[in-house]
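**Q** Single-letter residue listing:
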Amino acid sequence: MSIRSGITTSLTRWVFILPIAFMMLFFALPMILTAVWSVFERTMFWMEPGFTLFSYENFFTSARLLNFLASMYHSSIAVLICLVLGFPIAVFVRRRIPQAAQHRVVLLFILPFMVSETIRVFALRPVLQRNGLVNGALMKLGVITEPLTAILYTPLGVIIGEVLSFLPFIVFSGFLAMEAVPRYIFEICEDLGANTFRVYKDIILPLAAPGIFAGSVFIFVNGIGVALLPNILGGPGAVNAGLIATQAISALDFPLAMAVSAIMTATLFLLLYIGHRLFDLTHILDPVNK
Amino acid sequence: MSNVPPAVETRDLSKHYGQVRALQNVSVNIAAGEYFVLLGPSGGGKTTLLRTIGGFHRPTTGSVLLHGNDVSRLPPDKRPTSMVFQSYALFPHMTVLGNVSYGLSLTKMPKDQIQEKAKTMLEMVGLTGYEDRKPHELSGGQQQRVQLARSLVLDRDILLLDEPLAALDAQLRKDMCLELKHLQEQVGITFIHVTHNQEEAMTVADRIALIADGNLIEQGSARDIYERPKHRFTASFVGENNLMDGTLLTVSGDDAVVDIAGVKLMAKTEGQSFTAGDAVSISIRSELVKTDASSLSGSVEGHCIIGTFREAVYLGLTTSFRLTLDNSNEIQARFVTGQSAQQFSPGDRVSLHWQPGDTRLHAAQTKTHTP
Chain A
0 MSIRSGITTS LTRWVFILPI AFMMLFFALP MILTAVWSVF ERTMFWMEPG
50 FTLFSYENFF TSARLLNFLA SMYHSSIAVL ICLVLGFPIA VFVRRRIPQA
100 AQHRVVLLFI LPFMVSETIR VFALRPVLQR NGLVNGALMK LGVITEPLTA
150 ILYTPLGVII GEVLSFLPFI VFSGFLAMEA VPRYIFEICE DLGANTFRVY
200 KDIILPLAAP GIFAGSVFIF VNGIGVALLP NILGGPGAVN AGLIATQAIS
250 ALDFPLAMAV SAIMTATLFL LLYIGHRLFD LTHILDPVNK
Chain B
0 MSNVPPAVET RDLSKHYGQV RALQNVSVNI AAGEYFVLLG PSGGGKTTLL
50 RTIGGFHRPT TGSVLLHGND VSRLPPDKRP TSMVFQSYAL FPHMTVLGNV
100 SYGLSLTKMP KDQIQEKAKT MLEMVGLTGY EDRKPHELSG GQQQRVQLAR
150 SLVLDRDILL LDEPLAALDA QLRKDMCLEL KHLQEQVGIT FIHVTHNQEE
200 AMTVADRIAL IADGNLIEQG SARDIYERPK HRFTASFVGE NNLMDGTLLT
250 VSGDDAVVDI AGVKLMAKTE GQSFTAGDAV SISIRSELVK TDASSLSGSV
300 EGHCIIGTFR EAVYLGLTTS FRLTLDNSNE IQARFVTGQS AQQFSPGDRV
350 SLHWQPGDTR LHAAQTKTHT P
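If you're matching them up, the sequences are chains A and B in order. Mapping the first sequence onto numbering that gives the first Met the number 0, position 80 (from 1) lands on 79, and the numbers just tick up by one. Mapping the second sequence onto numbering that gives the first Met the number 0, position 140 (from 1) lands on 139, and the numbers just tick up by one.
Everything labelled a hint here was simulated from the structure, so no lab data went into it. Predicted model only: the values in this text are computed from it and were never measured. Any given hint could turn out to be false.
[Said to hold, decoys possible] Taking lysine to aspartate or glutamate and the EDC-like style, the derived pairs with C-alpha atoms no more than 20 Å apart in a straight line are: (1) B/110 <-> A/201; (2) B/77 <-> A/186; (3) B/107 <-> A/201; (4) B/133 <-> A/201; (5) B/107 <-> A/189.
[Said to hold, decoys possible] Now the stretches of chain B that chain A is said to cover, found in silico as 3 or more residues with beta-carbon under 8 Å: (6) 70-79; (7) 88-97.
No residue lacks a Cβ here, since even glycine has one placed at the ideal position from N, Cα and C.
Please construct the entire structure, taking both the sequences and the accompanying hints into account.
**A** Pasting the structure below:
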């Protein structure tokens with residue numbers, strides 16, 4: 000082996016080793032420590048080694064559990080809305096837009112992601128608030144006489160925020176999912192005489208299921224995990240797991256924050272396990288015809 | 000012509016994409032029960048024609064009539080046609096039986112009847128025992144058979160095949176060609192088959208239409224097209240024809256005299272109209288050209304020309320002599336290997352001759368053809 004290729008080989012090795020080391024140190028280790036710390040004893044400003052399920056008891060026997068379940072419910076609604084709004088866009092792009100232009104069109108839907116989420120979500124407040132754009136317009140039109148107070152600082156506001164934040168993602172993951180659906184499929188369906196409903200039910204959904212599931216899990220997990228959305232748009236009845244953890248940290252209750260994180264992680268793994276049993280997620284990024 | 004309208008009739012069919020004219024005034028009649036092949040080079044418009052007949056494209060102008068009914072504005076499933084696609088276009092998540100029965104499951108037909116019909120059709124294409132396989136577990140040929148069954152089970156009476164064998168390897172293609180032909184004879188419906196492969200076309204076709212540059216150039220039986228091509232394009236595309244370019248000197252009655260590289264050659268006009276001075280080409284199939292050392296003895300005047308020998312190419316069954324005329328037209332003379340003991344060296348002057356009646360006369364440029 001020449002000296003040159005020896006250097007190249009060891010460089011190549013480091014290209015893999017460095018990211019793995021990074022992820023082990025800064026992702027896997029903290030994730031494990033989260034579970035460990037969640038059973039530590041709380042002290043005034045930090046925690047001390049020990050074993051107690053107090054934090055879990057605290058979570059499961061308080062209003063936090065209800066809030067957590069409610070946020071799962073709201074998150075599910077956001078997933079459904081995103082799918083209904085976003086997936087047909089992905090199908091449309093795949094079916095009607097010329098191959099060469101497809102990625103550019105998808106890029107248009109991803110552009111909103113380039114704006115900081117904080118700013119995007121915060122910009123919703125003047126739109127949704129009591130004397131905001133929505134209420135103003137509805138009152139001018141005479142649809143309502145009193146401003147709607149049910150939009151902002153409610154679960155509805157959070158759901159709107161979630162759809163806004165995650166819709167681009169479902170378009171993108173839907174588009175990837177549709178790569179598993181060859182274009183000729185639509186022509187066969189036309190030839191056989193399948194209507195839109197049957198095409199979706201019999202062909203598109205079964206073929207795109209793994210991709211749709213992956214996109215849905217992403218939205219769901221972010222819906223229960225991202226504290227920003229309920230923090231800016233939510234209210235008493237619209238708190239999610241991310242916000243519960245954030246609030247616990249503010250209250251210096253670190254073991255509780257860790258316990259909430261561990262519960263969220265467990266929920267994610269449960270979802271992935273169910274999805275894997277249903278759709279065999281190893282095939283998500285496979286090309287056509289498998 | 001009888002009073003029964005043709006299974007397929009297109010009238011002055013044109014399809015334009017912006018400036019691109021994919022089809023120009025194509026009129027064709029296809030009788031019920033006919034195996035009709037659209038043959039031509041890639042990008043010539045034959046697939047566009049097929050897809051317009053099937054309802055996947057709307058014509059820019061002109062109309063499509065199936066059994067005498069204008070269907071130009073009807074979607075594919077409302078036409079008595081069904082399409083077999085080029086690639087292995089099956090539903091990848093369904094079994095073979097699922098693929099074949101899916102079309103019928105969209106109708107009101109009872110389930111057990113659908114199963115029975117689908118199984119009968121699978122038997123017809125030789126896939127009994129494969130009902131529960133998935134498409135990716137099948138070979139290319141088997142996948143195309145499933146496509147055939149999926150289309151035939153619908154009981155529509157015009158089957159459209161878009162390069163159905165293009166993805167198969169050469170030997171399999173030959174076998175499948177004959178199977179397609181036999182299948183068509185068995186079911187008795189109209190088949191319209193698109194291909195760029197001449198041998199494939201000649202194997203299956205009752206009639207062949209040549210399509211190039213969006214025009215229907217010529218149509219006829221395989222024998223007509225091969226032995227008596229009317230158009231220069233047909234002669235250049237079908238068979239191994241030699242084309243000799245020159246100028247028409249005189250026409251009297253059916254006889255034409257053409258100047259090719261300073262030599263006067265005779266040809267028949269065969270009803271085409273020419274005038275003296277026209278740029279024309281004479282075509283002759285390579286297997287009809289005989290070669291001789293320079294003496295012109297034994298050949299008929301007006302049916303021989305001198306060329307320069309370039310090389311001999313051994314092709315197994317046949318051997319091909321490659322020569323050039325003095326106007327730099329390339330000529331091939333092909334004979335069954337071993338049936339000629341002639342030996343030439345590059346640069347030798349060689350006499351080329353043929354029987355009167357072996358040649359065809361063509362206008363130099365193929366004009367837009369409206370039958």
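**Q** So, for every hint listed, does it hold in this structure?
**A** To see whether the hints hold, each was checked on the structure:
no.	hint	result
1	B/110 <-> A/201	holds, 16 Å
2	B/77 <-> A/186	holds, 14 Å
3	B/107 <-> A/201	holds, 17 Å
4	B/133 <-> A/201	holds, 16 Å
5	B/107 <-> A/189	holds, 18 Å
6	70-79	holds (count 4)
7	88-97	holds (count 4)
Violated hints are absent here; each numbered hint is respected by the structure.
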